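Q: Residues per chain are reported as follows:
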Amino acid sequence: GENVEQHPSTLSVQEGDSAVIKCTYSDSASNYFPWYKQELGKRPQLIIDIRSNVGEKKDQRIAVTLNKTAKHFSLHITETQPEDSAVYFCAATRPGNTPLVFGKGTRLSVIA
Amino acid sequence: KAGVTQTPRYLIKTRGQQVTLSCSPISGHRSVSWYQQTPGQGLQFLFEYFSETQRNKGNFPGRFSGRQFSNSRSEMNVSTLELGDSALYLCASSFSTGGRNEQFFGPGTRLTVL
Chain C
14 GENVEQHPST
24 LSVQEGDSAV
34 IKCTYSDSAS
44 NYFPWYKQEL
54 GKRPQLIIDI
64 RSNVGEKKDQ
74 RIAVTLNKTA
84 KHFSLHITET
94 QPEDSAVYFC
104 AATRPGNTPL
114 VFGKGTRLSV
124 IA
Chain G
-4 KAGVTQTPRY
6 LIKTRGQQVT
16 LSCSPISGHR
26 SVSWYQQTPG
36 QGLQFLFEYF
46 SETQRNKGNF
56 PGRFSGRQFS
66 NSRSEMNVST
76 LELGDSALYL
86 CASSFSTGGR
96 NEQFFGPGTR
106 LTVL
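Heads up: the sequence lines are chains C and G, in that order. Sequential numbering of the first sequence, starting at 14, is according to my numbering. Sequential numbering of the second sequence, starting at -4, is according to my numbering.
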């Protein structure tokens, strides 16, 4: 089955700097890759997703890139702000009614 | 729309007991998935129910079971509790089955096994 590795497990950046979180997946059939953000004490929420027919997707300060050949995808946050501090989870799934497989999460701390 | 709700929010049990957790999805959502969240292990998929049928199952022992009712509400049961079952249990609802649909998570039930 699918296996998703996520790095780093913790990341600290200065406010205003960029943050990058990387994930690799094992199943070459996977074609949907969402990212969820979980603030402290709150529920995970979808922040951005990408499908395998595109290589990059942006939404304001966040972007996700996908390299199908290498089987990895990354989350990029620019101009980080304290409210970006949270745990970020990447996930992958293949076509059909298959469940998401999540990475173990990255705890991002933005230092003011 | 009201969000996903879970009850109870906190539970303390002892080893060997059983527990039932409840999840009410967003109105109109027919899929409910359950996840176990522990520090350092991320979100581990337990199972998914859609239209009262289990559609997918993760790699958890048979002590973990679930069901879904005709109104899409779902329950999860854990029997013969072990210390390692202590975790945050999250349910998520979506309009249709499978992970390609946005998952809307509930606040979770924090289970502590003593």
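Honestly, the hints are just simulated from the structure, not real lab data. Don't take every hint at face value.
[To be verified] Computed spacing ranges between beta-carbons, pair by pair: (1) G/S17 / C/G54: 19 to 25 Å; (2) G/T0 / C/S122: 29 to 35 Å; (3) G/F90 / C/K55: 37 to 43 Å; (4) C/E69 / G/R58: 40 to 46 Å; (5) G/T33 / C/P21: 14 to 20 Å; (6) C/T82 / G/T9: 48 to 54 Å; (7) C/E69 / G/E97: 29 to 35 Å; (8) C/L59 / G/L83: 14 to 20 Å; (9) C/D30 / G/T48: 35 to 41 Å; (10) C/Q27 / G/T107: 22 to 28 Å; (11) C/P21 / G/G23: 45 to 51 Å; (12) G/E77 / C/R64: 23 to 29 Å; (13) G/T48 / C/S22: 20 to 26 Å; (14) G/R10 / C/E69: 46 to 52 Å.
Please read these numbers as outputs of a predicted model, since none were measured by experiment. Ideal placement from N, C-alpha and C gives every residue a C-beta, glycine not left out.
Q: Now look at each hint and say whether the structure bears it out.
A: Now the hints, each set against the structure:
no., hint, verdict
1, G/S17 / C/G54: 19 to 25 Å, "holds, 21 Å"
2, G/T0 / C/S122: 29 to 35 Å, "holds, 30 Å"
3, G/F90 / C/K55: 37 to 43 Å, "violated, 22 Å"
4, C/E69 / G/R58: 40 to 46 Å, "holds, 43 Å"
5, G/T33 / C/P21: 14 to 20 Å, "holds, 19 Å"
6, C/T82 / G/T9: 48 to 54 Å, "holds, 51 Å"
7, C/E69 / G/E97: 29 to 35 Å, "violated, 20 Å"
8, C/L59 / G/L83: 14 to 20 Å, "holds, 18 Å"
9, C/D30 / G/T48: 35 to 41 Å, "violated, 48 Å"
10, C/Q27 / G/T107: 22 to 28 Å, "violated, 37 Å"
11, C/P21 / G/G23: 45 to 51 Å, "violated, 38 Å"
12, G/E77 / C/R64: 23 to 29 Å, "violated, 39 Å"
13, G/T48 / C/S22: 20 to 26 Å, "violated, 36 Å"
14, G/R10 / C/E69: 46 to 52 Å, "holds, 49 Å"
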